[in-house]
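Undergrad: What follows is each chain in one-letter form.
Protein chains: 4
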Amino acid sequence: MPIQSASVEQVAIDVAQKPDRVPWRFTGAAIMKLTQGQTYLAIPGPSVMPEAVLRAMHRAAPNIYEGELIEMTHGLLPDLKKIAGTRHDVAIYIGNGHAVWEASLANVIAEGDRVLMPATGAFGHGWREVAAGLGAECEVIDFGRRCPMDPAKVAEALAADKSHSIKAVLAVHVDTSTSVRNDIAALRAAIDATGHPALLMVDCIASLGCDRFEMDAWGADVMIAASQKGLMVPPGMAFVFFNEKAAARRAEMPRVSRYWDWAPRANPEAYYQLFCGTAPTHHLYGLRASLDMILDEGLEQVWQRHDVLARAIWAACDAWSAEGPLELNIADEAHRSRAVTSLRIGKEHGTRLRRWCQDQAGVTLGIGLGMATEDDPQSDGFFRFGHMGHVNAQMIMGLLASVQTGLIALDIPHGSGAIDAAARVIAEA
Amino acid sequence: MPIQSASVEQVAIDVAQKPDRVPWRFTGAAIMKLTQGQTYLAIPGPSVMPEAVLRAMHRAAPNIYEGELIEMTHGLLPDLKKIAGTRHDVAIYIGNGHAVWEASLANVIAEGDRVLMPATGAFGHGWREVAAGLGAECEVIDFGRRCPMDPAKVAEALAADKSHSIKAVLAVHVDTSTSVRNDIAALRAAIDATGHPALLMVDCIASLGCDRFEMDAWGADVMIAASQKGLMVPPGMAFVFFNEKAAARRAEMPRVSRYWDWAPRANPEAYYQLFCGTAPTHHLYGLRASLDMILDEGLEQVWQRHDVLARAIWAACDAWSAEGPLELNIADEAHRSRAVTSLRIGKEHGTRLRRWCQDQAGVTLGIGLGMATEDDPQSDGFFRFGHMGHVNAQMIMGLLASVQTGLIALDIPHGSGAIDAAARVIAEA
Amino acid sequence: MPIQSASVEQVAIDVAQKPDRVPWRFTGAAIMKLTQGQTYLAIPGPSVMPEAVLRAMHRAAPNIYEGELIEMTHGLLPDLKKIAGTRHDVAIYIGNGHAVWEASLANVIAEGDRVLMPATGAFGHGWREVAAGLGAECEVIDFGRRCPMDPAKVAEALAADKSHSIKAVLAVHVDTSTSVRNDIAALRAAIDATGHPALLMVDCIASLGCDRFEMDAWGADVMIAASQKGLMVPPGMAFVFFNEKAAARRAEMPRVSRYWDWAPRANPEAYYQLFCGTAPTHHLYGLRASLDMILDEGLEQVWQRHDVLARAIWAACDAWSAEGPLELNIADEAHRSRAVTSLRIGKEHGTRLRRWCQDQAGVTLGIGLGMATEDDPQSDGFFRFGHMGHVNAQMIMGLLASVQTGLIALDIPHGSGAIDAAARVIAEA
Amino acid sequence: MPIQSASVEQVAIDVAQKPDRVPWRFTGAAIMKLTQGQTYLAIPGPSVMPEAVLRAMHRAAPNIYEGELIEMTHGLLPDLKKIAGTRHDVAIYIGNGHAVWEASLANVIAEGDRVLMPATGAFGHGWREVAAGLGAECEVIDFGRRCPMDPAKVAEALAADKSHSIKAVLAVHVDTSTSVRNDIAALRAAIDATGHPALLMVDCIASLGCDRFEMDAWGADVMIAASQKGLMVPPGMAFVFFNEKAAARRAEMPRVSRYWDWAPRANPEAYYQLFCGTAPTHHLYGLRASLDMILDEGLEQVWQRHDVLARAIWAACDAWSAEGPLELNIADEAHRSRAVTSLRIGKEHGTRLRRWCQDQAGVTLGIGLGMATEDDPQSDGFFRFGHMGHVNAQMIMGLLASVQTGLIALDIPHGSGAIDAAARVIAEA
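Residue numbers (full-length UniProt numbering), protein chains in the order written: chain L, 1 to 429; chain D, 1 to 429; chain W, 1 to 429; chain B, 1 to 429.
So here's chain L without its partners, still in its complex pose:
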């Protein structure tokens, strides 16, 4: 509420009596918010949208039959493939990550087919459920929540499948819940070593444009991604990349639904087939702006930026961990995502810390996901940092220094020197 006339007068008297010569302090009951400013959404997606993307989406509807939209769209496809590291095909879907979980499977997995899921977090289990929803039989190898998959175990399972009834291995590159990063090239090598013909399908939703990924070089047959993480576009668009082996498998399918069918999307005879109907016009303009930013910066440079910033975060976390309850979910740096970091801090601290950061500092951390235990059914002891896409040094240092402030404010024990440790990583970059 604004100043009341009364209070103006009141202040007048006060000031007359003791003018503002000593540092002025507040004593009243009014509640101040230290969050009134640019807030920062540091969750693992949707990520921070660049103004250039939002501005590109702030425009009148274009003609969807002729003209600039059509040309612009065709330019998107090669650029998407560059970012995926593939020379093969891409189908764009209006949808989120779940949509392309289903779309990718619908093209190559028929009812009754078997798939193998080496799970390393909640999103692996989520994809498996979608497969089950299509009538597939799913074999899960559960690697828990704190370590990457072991390619040898996957190879073992495939080797045991003499009849080659397993049609696909579903691998999540980075599981957003655990922040584990799996080694896709090693998985490919392990599959190849068995001679098993199963497709390697990879979920890069949380990693594309953040962590290095090279679809062709690493031997993924199908790769899926979405707009709202490393690609920095609002949720609502997702992608299925597929190679010739996958295309051949699709050709053998008894039936693929019209909407999920990737064939006309990837090789359309008419523009509307690209999206099976009306194009997602505004998202396409946003994507164009985002791809321009990524390619202007350079994909290697984008990956390197994410690497430095991730290591800065890990350095701070290592320092905090030296004392007190905070702990990185993935102990081995070699298996950590460079886009998201999952943390453990104990049931009594996690949600409290998240709330403090949001309500007192203006930075929103990601909730723990898929980490529930009997003791902690709401995953209150977990939280996550998203550091994907449009992130730079001042944002990450602000994130870390805000968490440092929260740890102090809430009196949560923690090791010292976290900010300096992070600063040194950036300073040396």
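No lab work stands behind these hints, which were simulated from the structure alone.
There could be a bad hint or two in this list.
Because identical chains cannot be distinguished in the list, a pair is counted as satisfied if it fits within a single copy or across any two copies.
Below 30 Å or equal to it, Euclidean Cα-Cα: the simulated DSS-like pairs (lysine-lysine) are [unchecked claim]:
#1 Lys245 / Lys33
#2 Lys81 / Lys347
#3 Lys81 / Lys162
#4 Lys33 / Lys347
#5 Lys81 / Lys33
#6 Lys82 / Lys33
#7 Lys347 / Lys245
Place chains D, W and B on chain L using the hints.
TA: Below, chains D, W and B alone, put in the same frame as chain L:
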């Protein structure tokens, strides 16, 4: 190109010799564009987006786990139902019209089921193909491209289906290609008269928020719509409304894929189930702005506005038709859409007129769709006006007066008095 | 208000009794608005802002000491000069038209100096008052409200000033109130013929970027303009162009206030001098976008577009005038502005017609300004069309067809064929 | 540049040989930018603009003669007065701070009048120059660059002016160059003690909406402010508040120029007089959004937020200062601004640190201003933090942690514990 120094001097000499006393005219070769200004996209979707919608979408990503987005989303559902005229359920999909063609069918039509399609344009045939893609057997009653369906013929087909193997009648309320408007209440009455239990599924993609539609009152079991027409939001979001009869049918389905399943979307236990994964955050903000506009204006008033403007368009078209080749595709006013108007003008004129309007006046008309004949394989003799959503008198009068200008410019014979005829409809409103 | 549950039921009963087979019409008391859509502000400034300009202004604040803003600003100056047709100097002011009325005078007119004002409308008188406010003695030659100035009369007044006490002739190129366009080259010639050394200062606020203007070629010593008309940028920035003769006069001034002084603005040693303090950052980005549009189109083409559209308006007005009270304020086409058109229609009709257009059609016309008479103290019998800047054929045809609709709706007598007459001008362009 | 086909193949070979099992590091020559993300402009104005303000300005031009703009504008005046702590008058100018320096003086200081300037930084001297430009005679008491004015010295000078030829004392509340904050209430008391009738004119450009200021209670007769600092609106609008004593003085002035005259602006008979011509339409919408934010938060709360964040900054600076060259310009906390902080770090470090922060971290610090010495003619040894307006804890912690990173990266000696010190201030708030 800007003025050259040379030309400045040249002009100086010219002016000194004969100062600017006579009306100044251009003689040079430079090409002037009369389109440099606010352009107007008068195609039948995506429709003109209100600035309030675009502004609402120009914002930072929100938290998708807690806070204002969650509350706002829950407020959308009752408002969507108001606009659909239903007290039943709605499932929101990230997708376009084709997506909800498939989504709606996937919940109630199993492989091998039969559906009945009384087709009155290209979009009826499109929906039928999607049904076929899901493994349904489709019976088509084709009513051609210039008239509405005859409910009696549909009743006949149902009556012949003694075994009740037809699970659904797929009806398009307004077919965007032909601009025919079908009488859904009459269709319902005809179905009921046969005692056949088939679901009545209605595509209102082109009509919702433009032409009166009352889902419950008219007896539709399933209704589908999309964001980019009467709802004035960019393409990328679509809706399936369904009643208890349809829900019961879904409960009997052997299997519904996770992504298409409307049950958790309509009655979610957790927020993310509303969209089967990440929410379409920015579209939701846009939809909120759009629903606010519609409900502030009043749904009856929105319908009435579309009615007056449609009649103004028809009056102009009737005047033009009095002489020359232009003709309304749907002769009987009682069967015309109030959101889109399809026109016939002859192969030599249609595309030419569209191009003139776009390149000389700044208004883009819709292409003819699904109207190809042997003589006119590219539908060059057809065009359409979109007049859905965010349209008012000055826009429609500008559209009509621009077409009038094009007819004059291209020397296409036409009856006189079109603008006055349209003006009179508006003046009397 | 949205549909009430009750009304849904009510409709259900109604529809059951008489399904929607006959054209559906409204009878109720609810008020429909035919204005719900893109509204069009057709006043003589601020003009319609292109989305590209607004988008360019929707951005974070830039550094004002280093970097891209500084470079961008320097690029604006030559482009502004191209549009003014000058090789001399320009000073940019944060301000409106009144600001540069005062700024321009403050640099060359000292207290007690005499100026000569050949007035052709309210804005001439306005500028004169500003001169008086600076202590100048103003001699007015009033040419009324319906015709241009007569250069011979100006020459006469100068010839009578043997002592050369008149320091400047203040000429308004286009007076926005009357829509008269004065012949500046002819005025220059007339002044030159007298040998009088008075500066020729020209107000191009309403004409720059619309009507041809060539500062150097036509011999203006000082020219002023503002952002919100032909330059299509929101109000808040204005310009003073001046040549060496004017600069010499400024050098002789006893004192010029720091803020109005054009010398450091035009030839700054430091960036902040360009604007005498903090730069108008967002307006500068808007101006860049606007200048890009103008120069991409071509200045000659911009002028030609305004010419064609103005002639279309005049043709419609001529047709309307053939019968009834509507009349163009400036009878002779040779003296009409191509940016604004003033109209007379009689006290009982003007305000009514404006209100109808705004409230029923969504187009806002300009009020009559400076046209008050004893009979019509509120200028109710006058209105104006603004047709400056970002205007194209469909906008102007929409404007005219909306007025046509208003004339019909309000039963105001008018000649027929107005829209066709306008259409023919555009068709022949 | 995007990935080359060649590099894809190259990577394929590399990966086949040594799959991605060890932490992946960059070795190449490509240049990574850690600035690609949300950049933060931490200069002392223009300040960070809230998205709500920018969004409010992204709109079509309104009618400037009738309707919502007019009503909205009238609502701004009382809210501006609340923020200024006055019940008197306010005149709005299209302009920057320099404009209201001149506007305020032009209403009360005639040619030849004397003014007294107790200067505490560059902006004091700037205002004095503007006074000189109006023909005033200026007496300066220079308090240097590191401490506030001494009211007793001002009183002395006034007491010596027996003839009351000094018409005004020009005081800068916060001088943005030095970041000193002067005690206006004490100055008023000192002036009053002398019985001298000079007006007290106060420049609050850098402080309004950041540091507590109460115009009426503290006894300022005239107060000036601008839009681009605590008011969070782009540069281009400024304000002169004045009380009855100042109004009386204006009434005695021999002449005030039309544009600067505050009388019709503050008490207009017609809307256009509010701005002496065309209104700054888009800035007005932005100001409305900004005032809503300030008043929703509460002015006391806004001040308190600035206080906490300023003390966090000072705590960090104190820690840094404990070792090495960094030093706060104003030693005594009681005299520091809560909107801007000036720092000294030595010629070899200042510009280097600023550049590092901007080019490596994405945060832009303010340059040193008005601090030049013979040794350091470019003020390279100085820099400033702006912390005004739309600032919260995560922004300030990000700023401080980025500077910490820069100090480490550039090997500039500094005391330890800065971030923790700042965090403790915020944690205790």
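Undergrad: If a hint holds in the structure, say so; if it does not, say that too.
TA: Right, here's what the structure says about each hint:
In this assembly of identical chains, the alpha carbons of Lys245 and Lys33 never lie at most 30 Å apart, being 57 Å within a copy and 38 Å across copies at closest. In this assembly of identical chains, Lys81 and Lys347 lie within 30 Å of each other by CA distance neither inside one copy nor across copies; the values are 43 Å within and 41 Å between. Proximity of Lys81 to Lys162 under the C-alpha cut-off of 30 Å is found in neither arrangement, the shortest distances being 35 Å within a copy and 53 Å between copies. Taking the shortest Cα distances, Lys33 and Lys347 sit within 30 Å of each other inside one copy (26 Å), while across copies they are farther apart (38 Å).
Taking CA atoms no more than 30 Å apart as the test, Lys81 paired with Lys33 passes between copies only; the shortest distance there is 23 Å, against 45 Å inside one copy. Taking the closest pair of Cα atoms, Lys82 and Lys33 come within 30 Å of each other only across two copies (20 Å); inside a single copy the shortest separation is 45 Å, beyond that limit. For the homomeric pair Lys347 and Lys245, neither the shortest alpha-carbon distance inside one copy (47 Å) nor that between copies (45 Å) is at most 30 Å.
Consistency note: the structure conflicts with the earlier hints numbered 1, 2, 3, 7.
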